[in-house]
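Residue numbers (the UniProt record's numbering), protein chains in the order written: chain A, 1 to 441; chain B, 1 to 441; chain C, 1 to 441; chain D, 1 to 441.
Hint data in this document are derived by calculation from the structure and do not stem from the laboratory.
Values in this document were obtained by computation on a predicted structure and should not be read as measured data.
Please note that the accuracy of each hint is not assured.
EDC-like mimics (lysine to aspartate or glutamate), calculated; alpha carbons at most 20 angstroms apart, straight line [to be verified]:
{"id": "1", "chain 1": "D", "residue 1": "K425", "chain 2": "C", "residue 2": "E258"}
{"id": "2", "chain 1": "D", "residue 1": "K51", "chain 2": "D", "residue 2": "D61"}
{"id": "3", "chain 1": "A", "residue 1": "K425", "chain 2": "B", "residue 2": "E25"}
{"id": "4", "chain 1": "B", "residue 1": "K425", "chain 2": "A", "residue 2": "D197"}
4 protein chains.
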Amino acid sequence: MIPRYSRPEMVAIFAPENKLRIWLEVELAAAEAMAGLGQLPADEVASLRAKVEQAGERLIDTARVDEIEAVTRHDVIAFLTHVEEICGAEARHLHLGMTSSDLLDTTLAIQLAQAADLLLADLDALLEVLRRRAFEHKDTLTIGRSHGIHAEPVTFGLKLAAAYAEFDRNRTRLRTARAEIATCAISGAVGSFANIDPRVEEAVAARFGLVPEPVSTQVIPRDRHAAFVAALAVIASSIERLATEIRHLQRTEVGEAEEFFHAGQKGSSAMPHKRNPVLSENLTGLARLIRAAVVPALENVALWHERDISHSSVERVAFPDMLVLADFALARLTSMMDRLVVYPERMQRNLDMTHGLLFSQRVLIALTSSGLPRQQAYVLVQRNAMRAWEEGLSLLDLLQADEEVTARLPAADLPALFDMSYHTKHVDTIFARVFGEASAD
Amino acid sequence: MIPRYSRPEMVAIFAPENKLRIWLEVELAAAEAMAGLGQLPADEVASLRAKVEQAGERLIDTARVDEIEAVTRHDVIAFLTHVEEICGAEARHLHLGMTSSDLLDTTLAIQLAQAADLLLADLDALLEVLRRRAFEHKDTLTIGRSHGIHAEPVTFGLKLAAAYAEFDRNRTRLRTARAEIATCAISGAVGSFANIDPRVEEAVAARFGLVPEPVSTQVIPRDRHAAFVAALAVIASSIERLATEIRHLQRTEVGEAEEFFHAGQKGSSAMPHKRNPVLSENLTGLARLIRAAVVPALENVALWHERDISHSSVERVAFPDMLVLADFALARLTSMMDRLVVYPERMQRNLDMTHGLLFSQRVLIALTSSGLPRQQAYVLVQRNAMRAWEEGLSLLDLLQADEEVTARLPAADLPALFDMSYHTKHVDTIFARVFGEASAD
Amino acid sequence: MIPRYSRPEMVAIFAPENKLRIWLEVELAAAEAMAGLGQLPADEVASLRAKVEQAGERLIDTARVDEIEAVTRHDVIAFLTHVEEICGAEARHLHLGMTSSDLLDTTLAIQLAQAADLLLADLDALLEVLRRRAFEHKDTLTIGRSHGIHAEPVTFGLKLAAAYAEFDRNRTRLRTARAEIATCAISGAVGSFANIDPRVEEAVAARFGLVPEPVSTQVIPRDRHAAFVAALAVIASSIERLATEIRHLQRTEVGEAEEFFHAGQKGSSAMPHKRNPVLSENLTGLARLIRAAVVPALENVALWHERDISHSSVERVAFPDMLVLADFALARLTSMMDRLVVYPERMQRNLDMTHGLLFSQRVLIALTSSGLPRQQAYVLVQRNAMRAWEEGLSLLDLLQADEEVTARLPAADLPALFDMSYHTKHVDTIFARVFGEASAD
Amino acid sequence: MIPRYSRPEMVAIFAPENKLRIWLEVELAAAEAMAGLGQLPADEVASLRAKVEQAGERLIDTARVDEIEAVTRHDVIAFLTHVEEICGAEARHLHLGMTSSDLLDTTLAIQLAQAADLLLADLDALLEVLRRRAFEHKDTLTIGRSHGIHAEPVTFGLKLAAAYAEFDRNRTRLRTARAEIATCAISGAVGSFANIDPRVEEAVAARFGLVPEPVSTQVIPRDRHAAFVAALAVIASSIERLATEIRHLQRTEVGEAEEFFHAGQKGSSAMPHKRNPVLSENLTGLARLIRAAVVPALENVALWHERDISHSSVERVAFPDMLVLADFALARLTSMMDRLVVYPERMQRNLDMTHGLLFSQRVLIALTSSGLPRQQAYVLVQRNAMRAWEEGLSLLDLLQADEEVTARLPAADLPALFDMSYHTKHVDTIFARVFGEASAD
């Protein structure tokens with residue numbers, strides 16, 4: 001992924017150095033397991049471990065491994081040769097009975113689990129920001145919209161609570177997805193354990209917090225990876241949803257919220273209102289990119305027979321890319337929501353722009369409750385509503401001046417129907433559902 | 001979906017009649033909840049329930065509802081009018097404070113849950129067949145292949161156990177997906193509960209085995225549906241994988257298994273070997289169709305503000321289609337695997353076609369263990385292996401005639417290395433992992 | 001496709017009756033070509049043609065063909081049997097040397113060409129509407145927006161001209177796509193012409209306005225169909241783009257245009273402003289559905305060896321569906337644009353809402369041209385612009401009262417800079433580019 | 001894209017240096033056009049051009065531009081500042097009346113056109129190889145397969161001719177796609193030409209072989225780019241198809257062709273037959289990756305109003321990636337096909353493995369032509385065919401020994417029916433169609 005959309009921690013997970021480090025640990029763990037089962041001389045394996053620890057970062061020499069690979073044309077053999085160069089003959093106890101796939105697939109599992117942990121932390125940070133801002137605006141009135149058209153009032157906190165609940169679901173999905181891919185395969189050619197004891201696989205799995213793959217066929221089955229990628233694709237769509245909301249709110253005509261601008265930051269011209277929601281637009285595009293991995297990941301599942309290598313190029317490219325992008329996008333979204341500038345006055349102005357029409361349904365109910373047949377009530381409301389809309393007059397004023405209305409509902413009682421709190425009376429209930437009872441205080 | 005790929009039970013779930021039935025039950029459940037809360041006259045609601053039960057299927061009159069809708073241009077109003085026509089004035093207690101979305105989204109949740117239950121039953125049937133056939137062929141030797149090239153022996157039962165494990169994971173994914181979409185929203189316009197008590201939603205949810213949606217915004221959020229569709233897309237890819245395996249096995253040159261042919265069924269010509277794997281090819285295409293829903297489902301997530309209706313057409317078309325296809329495909333796969341004709345003799349013939357080369361790695365290990373340096377051992381093995389392959393001779397015979405080999409390994413000991421059971425010694429272990437210890441008997 | 005999103009003409013193209021009609025014509029054309037080449041008795045083929053014409057619609061009896069297929073389990077054989085039942089023994093001259101694929105693939109080509117012609121007519125109708133409305137609003141001023149933020153003025157006609165140009169490109173793409181799939185294959189098993197003369201293929205192709213497929217392998221290669229579907233996917237995205245524009249314009253806060261409402265049509269409540277852009281939202285969803293076919297169509301290309309049948313289910317389902325949807329969506333878009341209600345006053349009001357700020361760039365240029373360094377000019381403009389925006393005052397008034405400004409630009413000259421026509425002076429140029437010189441009158 | 005799948009020439013097109021070079025040329029071309037129109041002092045612009053040429057590569061200093069951008073936070077302004085630093089005050093004539101989008105979109109068009117030209121050269125090289133190998137194997141007999149099952153004979157040259165025809169179509173598609181994106185937009189904010197003369201756009205377009213975008217809206221419309229990406233996606237699927245063919249042919253049981261192996265190259269074990277089709281498997285994965293760009297490219301079309309920036313991140317990442325991958329994949333495919341090892345003897349062996357059954361259809365026709373009713377002829381053929389298949393006997397021998405057969409067809413006449421040339425008699429015809437009459441010599 002290009003640096004512009006990358007953060008170092010996620011990049012490091014997929015860096016060659018991290019791969020070599022995991023390779024070394026997996027190979028050592030396998031050898032130690034064999035030693036524990038009496039299948040290798042325990043002292044030599046212990047000595048190898050000591051040498052490895054002594055060598056430290058000298059073993060993580062990607063340049064030297066690449067150099068050897070240029071000769072052997074095989075990355076795993078190059079790595080083992082490199083270890084032998086530094087640690088000596090005891091390195092021959094590594095990789096016994098294993099195939100390259102055992103090493104590669106288990107390492108990928110560990111990398112994906114590391115990446116998932118990072119994304120879970122990203123989600124935690126986002127959730128924390130959404131929670132804080134939701135409570136900050138729990139009572140900030142704003143118009144609810146369906147189809148882009150004003151409907152009835154909600155609060156801005158409710159919008160954020162909905163986003164919180166969505167990303168909280170995404171957190172659960174990501175945890176499930178992490179469990180999907182956190183398996184270990186050390187089962188040898190075509191997964192038959194012909195040359196390796198299944199207990200070695202169990203021991204290595206335990207060492208890395210993985211579950212042994214019940215039946216691998218040289219490779220860990222790719223339905224696991226497809227499910228993992230699919231979970232990220234859903235997260236990407238949620239990112240797009242919240243970004244789209246901000247893009248709408250920042251429109252010139254809406255103006256209810258705005259991405260943070262640095263004091264000295266200029267818009268694209270001399271126009272001070274020209275502050276563009278470039279972060280949320282960027283997040284929209286990043287969501288498209290992240291989602292794009294879902295189709296090749298699904299196409300990767302149907303490997304031929306016990307395994308083919310068609311999945312490999314997709315995973316080399318699309319997996320790191322989508323994870324780096326997801327990490328970047330979640331962090332950008334978090335920062336954007338953290339510093340989002342909210343304009344409650346503009347929200348109020350927008351609520352007022354329909355001159356009270358958003359209460360018309362409640363007036364209708366009140367007239368009906370007074371005994372007026374619904375059709376007649378509808379006519380009374382609509383004729384005033386139409387005038388209010390077309391002439392820009394207050395619906396309340398018009399109703400109070402309409403004798404047919406006041407014959408049913410005293411003019412003095414009408415203002416009570418134009419009451420925002422009627423629409424927000426269950427905000428606490430919803431907050432308690434989303435954030436838990438305790439947190440609603 | 002076209003009848004060719006449809007089964008009646010799944011079609012029925014998405015039939016207009018089922019929708020009307022669920023609508024009626026949801027509306028009644030809401031009214032009864034309100035009555036229970038003292039918000040509606042309990043006797044009138046009870047009387048309405050009685051009338052509904054008396055009317056029975058007369059209420060499920062899609063033609064009449066369509067007729068009314070042609071006038072009202074609103075499906076929910078048409079339905080309520082129809083109920084009023086039959087059940088009388090008490091029908092006015094239905095739909096109070098609710099929006100159409102409350103009804104539509106909760107109904108969709110119930111339909112999707114019903115569909116998921118049907119697919120879970122489909123998966124159970126498939127798993128049962130895969131288990132039975134796996135045990136039947138637990139010890140049927142066959143060549144394991146990587147890259148389409150012969151590698152080392154496995155058993156046909158192991159292939160089926162891998163498929164079982166994959167569909168067992170799919171079962172778990174589908175149960176998770178079912179939980180994703182089994183939520184209830186009865187929260188009124190923009191989800192604010194302004195005109196309806198949240199306890200009504202809770203009661204309706206309980207009635208249908210759903211969970212109340214913590215924060216709906218007139219609609220149930222569509223990340224839930226995207227996650228549901230994504231789970232089906234993974235299942236489709238697993239269907240494609242098993243279908244692809246069968247297509248490979250049925251190739252003329254492989255011939256290890258074959259889709260069942262009716263006694264009188266003809267191939268496409270006079271050639272008796274011309275039996276085409278048309279079911280598995282068809283399943284491959286169906287998998288592509290099912291998967292195709294995942295992109296629009298992800299695009300559906302980012303609704304504008306509290307809701308827009310752009311998701312609706314996708315859901316009307318793609319959801320029933322993909323579920324009907326998944327049901328059909330799982331049933332077809334189950335039947336195909338149930339009756340799959342397996343040819344163990346051909347499997348043995350294919351094992352033999354490399355003249356024992358598949359044991360060359362084990363000979364290499366034996367020579368190395370005898371103290372010969374690996375490079376020298378490799379040369380000894382390879383020169384015999386090359387001759388075996390190129391001249392079609394038995395590798396065992398060649399090795400027994402090679403004095404440099406027999407100097408290390410007595411000719412009489414060599415046959416023991418050409419031992420299939422070496423490769424199958426852990427089949428029971430793997431079966432116990434997949435099917436549980438008990439079932440391995 | 002469900003009737004809700006279907007129009008009869010496109011549905012008819014993919015109806016079984018149309019398929020049988022094409023089958024009959026292709027088979028007859030092949031027999032007549034063979035007769036012309038002296039490979040069949042000309043008189044008998046002529047007699048067969050006469051009998052077919054006499055039988056007329058009796059031959060298009062899908063029920064009878066289905067009945068026979070239930071026995072023969074082969075659709076083409078069932079059809080040929082049916083023709084023989086009605087036309088007698090001369091029907092034996094049909095299908096000689098042909099495979100089912102010859103008939104099916106050539107028929108699909110004809111159906112897709114018919115469908116493309118229908119869509120081309122749909123596009124023509126849309127283009128006509130867009131042209132008319134573009135000229136109607138050639139000079140209707142409206143704000144141009146980048147990032148959803150007011151930028152500089154354009155005209156509403158320019159927006160429509162851009163849409164016209166885009167759909168005109170789509171017309172070209174569709175014509176290219178039509179040419180892609182309009183090929184004929186009558187080449188027998190594995191496409192070798194072993195049992196059929198290549199000249200027969202040429203004759204049939206000519207009869208139906210098709211091109212002979214240069215090298216078919218029993219099937220017409222599926223890269224053609226993938227390219228066809230991809231063209232439709234691009235069209236779908238263009239539909240989404242225009243629909244998205246309308247959804248934005250109809251927002252309560254924007255209100256510049258609105259989908260047509262029937263006189264008696266009600267919004268969802270008593271609020272007269274609650275008119276939802278449901279057509280354009282629906283088109284957004286339909287675009288997602290149409291696009292969804294592109295992935296399976298691409299996956300269909302890599303058939304195994306000379307052919308497999310995995311593509312068939314995708315084509316049976318997704319091809320008619322996407323074409324029916326595209327036809328419906330284009331017609332709906334055309335009708336929507338035809339009757340779109342445009343509000344020029346609201347456009348003017350929105351232009352005014354930034355108090356003249358949209359001319360600030362031009363003031364800046366004028367100050368710079370007067371010799372003031374750009375940075376100083378910027379400071380002058382910005383301090384007035386900020387006040388205009390924050391206090392809601394007219395930028396022109398403020399500038400005229402700013403002595404540092406008027407020292408450079410006489411107050412009397414300033415109004416000339418606040419001139420919309422500066423921004424619209426090239427509208428005619430652009431219209432001439434899009435619609436041609438002549439049409440610009 | 002990772003270096004593993006990158007070739008330098010395509011990488012260079014999307015390198016920052018190439019971008020700066022194009023920026024400089026576009027800006028200069030615009031200034032020169034303005035000078036030509038008398039809108040800028042011609043001598044100063046000429047002097048600027050001279051300074052630019054004198055500065056040469058010093059102007060392409062990405063590090064310095066990045067340094068300035070870190071301050072200005074705007075890439076285009078940073079670049080212009082850098083030019084001014086080196087070339088002095090006359091650089092102020094650059095970018096007049098232009099927006100960043102004018103520069104960025106026109107530059108992207110030029111880069112995409114360069115990339116398309118490179119891919120066209122790649123396709124030419126591939127076509128040349130396919131043509132050569134097709135003629136080399138024009139008469140190499142091999143079995144044609146439908147559904148993976150032996151059907152009737154073709155030649156290996158025919159398979160390659162089909163691939164040639166498919167990539168020739170892809171060449172046409174790519175040329176069309178190149179024309180789609182080769183447009184120039186120099187139209188200023190929201191595309192209104194308020195501050196720039198349309199003739200400047202025309203002049204710049206002409207300079208770079210582009211067409212002026214008829215109506216841009218600050219950006220070049222993204223349906224063009226979607227169509228471009230879709231064409232590449234189809235090419236990717238064709239790559240997958242040919243790669244899949246090779247993977248099949250290299251299977252152990254088929255063995256008809258094989259990717260080239262270096263003399264010293266080892267398979268994964270001591271087994272000499274273990275040569276894996278890793279190139280074609282890799283190409284299969286690369287095809288999935290390339291295709292994955294089609295969905296985000298389609299989602300990029302529906303920009304909001306005149307423009308938003310959501311498309312940008314997709315284009316920064318996915319466009320270079322897919323083009324680098326396509327270049328790499330085409331080159332790999334070309335090299336693989338160039339050096340493909342073909343085994344005509346194995347093809348013959350596979351032809352023989354059905355004991356003459358592939359001629360059974362022709363025997364059937366001969367019996368029918370002799371006057372025997374088709375059903376009786378079928379019984380005669382099938383009973384011999386079944387025995388041949390099940391007992392591994394020669395169908396010809398069996399037929400010659402069957403008196404009911406020889407009563408109709410003299411035993412001496414039967415061998416003539418088992419004639420491969422019957423199936424290959426139109427190979428020249430097909431080659432002439434694909435490669436032209438002349439080349440068939």
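What hints, given by number in increasing order, does this structure fail? 1 and 3
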